[in-house]
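Residue numbers (our numbering), protein chains in the order written: chain W, 114 to 315; chain Z, 114 to 315.
Rather than coming from a laboratory, the hints here were simulated on the basis of the structure.
Worth double-checking, as some hints may not be accurate.
If several chains are the same, the list does not tell them apart, and a pair holds so long as it fits within one copy or across any two.
[What the hints assert, rightly or not] Cross-link-like lysine to any residue pairs, in silico, SDA-like; alpha carbons within 25 angstroms at most:
{"no.": "1", "residue 1": "Lys176", "residue 2": "Ala303"}
{"no.": "2", "residue 1": "Lys258", "residue 2": "Gly149"}
{"no.": "3", "residue 1": "Lys258", "residue 2": "Glu288"}
{"no.": "4", "residue 1": "Lys186", "residue 2": "Ser292"}
{"no.": "5", "residue 1": "Lys186", "residue 2": "Asp165"}
{"no.": "6", "residue 1": "Lys258", "residue 2": "Ala300"}
{"no.": "7", "residue 1": "Lys253", "residue 2": "Asp294"}
{"no.": "8", "residue 1": "Lys258", "residue 2": "Pro304"}
{"no.": "9", "residue 1": "Lys186", "residue 2": "Asp262"}
{"no.": "10", "residue 1": "Lys176", "residue 2": "Thr311"}
{"no.": "11", "residue 1": "Lys249", "residue 2": "Arg286"}
{"no.": "12", "residue 1": "Lys176", "residue 2": "Ala293"}
Protein chains: 2
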Amino acid sequence: MTEKTTGVRRRGRRPGGTDTREALVNAAREVFIELGYDGATVRAIAARAGVDAAMVNHWFGGKEGLFGEAVLKLPFNPQEIVEILIAAPADDVGQTIVRTFLTRWDATGGGVFTALIRSVASHEEAASMLRDFFFKHVFKLVIGKFAPDDNDFRATLIATQLVGLGMIRYVARFEPLASADIDRIAAAIAPTLQRYVTGEIT
Amino acid sequence: MTEKTTGVRRRGRRPGGTDTREALVNAAREVFIELGYDGATVRAIAARAGVDAAMVNHWFGGKEGLFGEAVLKLPFNPQEIVEILIAAPADDVGQTIVRTFLTRWDATGGGVFTALIRSVASHEEAASMLRDFFFKHVFKLVIGKFAPDDNDFRATLIATQLVGLGMIRYVARFEPLASADIDRIAAAIAPTLQRYVTGEIT
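Bound conformation, chain W alone (with noise of 0.2 angstroms):
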């Protein structure tokens, strides 16, 4: 973040340390902001950075780990988070999904969800990557596990409990939610998240 990428460029390739990650993460911004995501391949993003292409895959376990690092600015590995999910049983999948939203964005004290809403609520071009990325790598994995059938429609109701669980909490902070613990609110919404996934929504 301290260097630009041009700086970054002029110098060339070079080995797979710290500074190759940080240059994939600036060189991945530019090229997802310019080309979109499905636009945007590994091969450009390491030209860009002047690194090898393998490299995408040594730093963030291949391309949607890069976009959420260097785009949606995640503090968490979004290929991990699917892992987690698909490794609950069925009844429990909607207990996961809220515990493992509040305990990842919990540690990073809310600054960064209130950076990412800001982001898709004031540039078109952020929540259309954030839709593609979110439908294509984790949500369609994910449901695709344990939805009967609509997942599409159950994809969009699962975002629309989790965004506006992340905007009560950590943006607007009304209180008691932004305070409560995580079991008093697993406990509340829980059951909508799992009714959502495999449950009556018509």
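On the provided structure of chain W, position chain Z as indicated by the hints.
Just chain Z now, with coordinates in the frame of chain W:
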């Protein structure tokens, strides 16, 4: 919105026409931001606008309505929404909330909701005024009538689902929810709201 408040003030008191209404909106925006929702009095706002305090009731039905229009720029009068909700049968309040929310915001086309979210995500004081306003003048009245216990926590749960619904339908515009008809969304989300108001949340 087209004249500066200072210019308005110089012209002194005037009859109860639409320029009075506009002067009140401009003055209210300033005074609410300076003094917060609780600190701003009808008398202070009317004085700033150079009109009689009775004009606030005449045009906005009171301080709540003026706040809703001047600061939140709501496309409806919150007082009217409260009346609709408290008139609902107890076992139908979830349906009434989600249908009223969607009907009113759909009518504005979504841009107004996006502006509200952007304001809440960018200005600490907007979030704090929104919270004070909605809690004291909307949620408390509705929840107070229907909920068996834990009123404040229930109010924040309702806020999570409604704010998230607005975010996904109007701001991020995730499909198929963004284009889904109101009946389909109400069928999925009304049971969530009904449980948050009157059901089991622990």
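Since the copies are identical, ignore which copy is meant and state whether lysine 186 and aspartate 262 lie within 25 angstroms (CA to CA) inside a copy, between copies, both or neither. Intra 32 angstroms, inter 39 angstroms, cutoff 25 angstroms: neither.
One pair to classify: lysine 176 and alanine 303, alpha carbons no more than 25 angstroms apart. Within, between, both, or neither? Answer is neither: 30 angstroms inside a copy and 38 angstroms across each miss the 25 angstroms cutoff.
With identical chains, the pair lysine 186 and aspartate 165 could be close in the same copy or across copies; at 25 angstroms between alpha carbons, which is it: within, between, both, or neither? within (23 angstroms within a copy, 51 angstroms between copies)
Checking an output row: lysine 258 and glycine 149, CA cutoff 25 angstroms. Within, between, both or neither? neither (27 angstroms within a copy, 48 angstroms between copies)
Intra/inter-copy verdict for lysine 176 and threonine 311 if alpha-carbon distance must be at most 25 angstroms: Classified as neither; 29 angstroms inside a copy, 45 angstroms across copies.
One pair to classify: lysine 249 and arginine 286, alpha carbons no more than 25 angstroms apart. Within, between, both, or neither? Intra 30 angstroms, inter 16 angstroms, cutoff 25 angstroms: inter-copy only.
Homo-oligomer pair classification [glutamate 288, lysine 258; C-alpha up to 25 angstroms]: between (35 angstroms within a copy, 20 angstroms between copies)
As a check of your reading, is lysine 258 near alanine 300 (CA-CA no more than 25 angstroms) within one copy, between copies, both or neither? Intra 23 angstroms, inter 23 angstroms, cutoff 25 angstroms: intra and inter.
Intra- versus inter-subunit Cα pairing at 25 angstroms for lysine 186 with serine 292: For lysine 186 and serine 292, only the intra-copy Cα distance (24 angstroms) is at most 25 angstroms; the inter-copy one is 29 angstroms.
Given identical chains, is lysine 176 near alanine 293, meaning Cα to Cα at most 25 angstroms, within a copy, between copies, both, or neither? Classified as neither: same-chain Cα gap 35 angstroms, cross-chain 31 angstroms, threshold 25 angstroms.
Within, between, both or neither: how does the pair lysine 253, aspartate 294 come out at a Cα-Cα threshold of 25 angstroms? between (29 angstroms within a copy, 22 angstroms between copies)
Please work out whether the CA atoms of lysine 258 and proline 304 approach to 25 angstroms or closer within one copy, between two copies, in both situations, or in neither? Cα proximity of lysine 258 and proline 304: in one copy and across copies (18 angstroms, 24 angstroms).
Hint compliance for this structure: hints 1, 2, 9, 10, 12 are broken, all remaining hints hold.
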